[in-house]
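Read off the chains here:
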Amino acid sequence: MGTQKGLESIIADFPLFRDLGPRNLEIVAGCAKNVRFQDGEYIFREGEEANVFYAIRHGQVSVDVFTPQRGPMTIQTLGEGDVLSWSWLFPPYRTLFDARCLTLVRALAFDGACLRGKCDEDPSLGYEFMKRFAKIMTERLRATRLQLLDVYGAPGNA
Amino acid sequence: MPDPAARVQPMLPARYELTRLRRETSDTYTLELTPVDGSPMVFSAGQFNMVYAFGIGEVPLSISGDPNRPGPLLHTVRSVGAVTKAICALKRGAQVGVRGPYGSCWPVDESVGSDVIIVAGGIGLAPVRPALYEVLAQRRKFGNVALLYGTRTPKDILYRRELHGWRGRFDLQVEVTVDHAAGEPFEHIGVVTRLISGVHCDPHETVAFVCGPEIMMRFTVVDLMELGVAPENIYISMERNMQCAVGLCGHCQFGPAFVCREGAVFRYADIERFFQIREI
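Chains as they are written, first to last, in numbering that gives the first Met the number 0: chain A, 0 to 157; chain B, 0 to 279.
Chain A on its own, in the form it takes in the complex:
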């Protein structure tokens, strides 16, 4: 793990935190640490307490849902620059999917409970966080809608 200053500069480079400002970066860095996971390792499983979210710096993570008849089904994969989990933001703070590493994964792990506390103390930081997470959620929702359309499956008739 690097120093607090080193961590701040890594966080500042991450898309989610770009232009967050030095004061907010310092607060965020206080709730962050570097983590590594090995290929095949589960970062979390469905139903676990969700008090951490991850900013993926390297590697691929598959977001799976387990179905009794078909086993784990991958909903999507996430990679460098992506954020994993927003369950830490909303009660009941439980994960909804499995997150499984497809490769070595290096990430920043953020203590969600710590950040929630900071956001409650400073509503402007909380608003900033909500805006940034809402954007990610919108993008994921848009992608999921497109995925549901099964656009490559509709044949023509010529």
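Keep in mind that the hints were calculated from the coordinates and are not lab data. Quick caveat: nothing in here was measured; it's all calculated off a predicted structure. Every residue, glycine too, gets a C-beta built ideally from N, C-alpha and C. Treat the hints with care, as some may be off.
As the list claims (entries may be wrong) - Pulled from the structure, derived: some chain B residues nowhere near chain A, Cβ distances all over 12 Å:
#1 R21
#2 P34
#3 R68
#4 R91
#5 R98
#6 R138
#7 N143
#8 G164
#9 W165
#10 G167
#11 D170
#12 H179
#13 G189
#14 P255
#15 A256
#16 I276
As the list claims (entries may be wrong) - Reference excerpt, derived from the structure (chain B facing chain A, CB under 10 Å, subset only):
#17 G120
#18 I122
#19 G123
#20 T150
#21 T176
#22 D178
#23 E183
#24 F185
#25 E186
#26 V190
#27 S196
#28 G197
#29 V221
#30 G246
#31 G249
Given chain A, work out where chain B should sit, using these hints.
Only chain B this time, still in chain A's reference frame:
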């Protein structure tokens, strides 16, 4: 681009012999067609031909081969309707009628000096493959080049061997994603638009070529513009019911344009207004 009006008999197909039929996926084949009269067709990347299965019907098919490599004509066809099923069922040595090439082309030469993002969905990889060949043939004239390809499942990936080759190059970013993998491990699972944010490019100096189902192109254009690519630098390949291919019958009318004549490749900024209108 050849002027269709200058053609003496634009509706008269030339005979081509099927010299090879390569199966790409369960329902998609690449035809290798050799002109019976021996003169190879000159075409530009993005153009299409009308291919006639004798006695059954004619369909517009994009040319999927290398414009700079003289030789057999390549068309990649998905077997989905009466004509395409008949074409895909042909045996080596059979003949088809071909007229063309028609339509506009990808602005490869005009894009020299820029970064290039090619976004293809499903069989949409076939019409942009000639553009990629052209870019790679003069690779040093371009900045970063990326191919983003999305398809339904790993079994539906076209040109698999070629994609592996492209991925091995140091001067080309290739990302492939599938919508669903049914439990099969795959690097990227999700829609092709999700790959756009990971492209190494300067958005203000980037030209994008997009080809795939129209709904996929709509979402892709939104994400490209969000990245910072100007609508003037986004080109899309439209698909409509092309019948005459020379702008006479009107079946492929798209706003004030005929897709067969002014398209199929359009600059997005030129058609943005019509692209947003339903059922046009």
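Query raised in the report: Given B:E183 as an interface hint, is the shortest Cβ-Cβ distance to chain A below 10 Å?
Result: B:E183 check passes; min Cβ-Cβ to chain A is 9 Å, inside 10 Å.
**Report entry** Closest C-beta approach of B:G123 to chain A relative to 10 Å, hint status
**Finding:** holds, 9 Å
Query raised in the report: Far enough from chain A: is every CB of that chain over 12 Å from the CB of B:R21?
Result: With a cut-off of 12 Å, B:R21 remains clear of chain A, as the shortest Cβ separation is near 20 Å.
**Report entry** Distance rule for B:G189, whose beta carbon must clear each one in chain A by more than 12 Å
**Finding:** violated, 4 Å
Query raised in the report: Does the interface hint hold: is B:D178 within less than 10 Å of chain A, judged Cβ to Cβ?
Result: Hint on B:D178: holds, closest Cβ of chain A at ~5 Å, below 10 Å.
Report task. Under 10 Å, Cβ to Cβ, is where B:G120 needs to be relative to chain A, so tell me if that hint holds or is violated. Result -> holds, 6 Å
Query - Status of the stated non-contact between B:R91 and chain A (beta carbon gap over 12 Å) - result: holds, 23 Å
Query raised in the report: Is it correct that the beta-carbon of B:W165 has no partner in chain A closer than or equal to 12 Å?
Result: holds, 19 Å
Query - Consistency of the no-contact label for B:R68, given chain A and a CB cut of 12 Å - result: Check passes; 27 Å lies beyond 12 Å.
Query raised in the report: Does B:E186 pass the interface hint, meaning its C-beta sits closer than 10 Å to a C-beta of chain A?
Result: holds, 6 Å
Requested in this report: Classify the label on B:R98 as holds or violated, using whether its beta-carbon is more than 12 Å from each beta-carbon of chain A.
Outcome: With a cut-off of 12 Å, B:R98 remains clear of chain A, as the shortest Cβ separation is near 16 Å.
Query raised in the report: Can B:T176 be said to touch chain A, with a Cβ gap under 10 Å?
Result: holds, 8 Å
In summary, the structure is inconsistent with hints 12, 13, 30 and 31 from the numbered list given earlier, while agreeing with the others.
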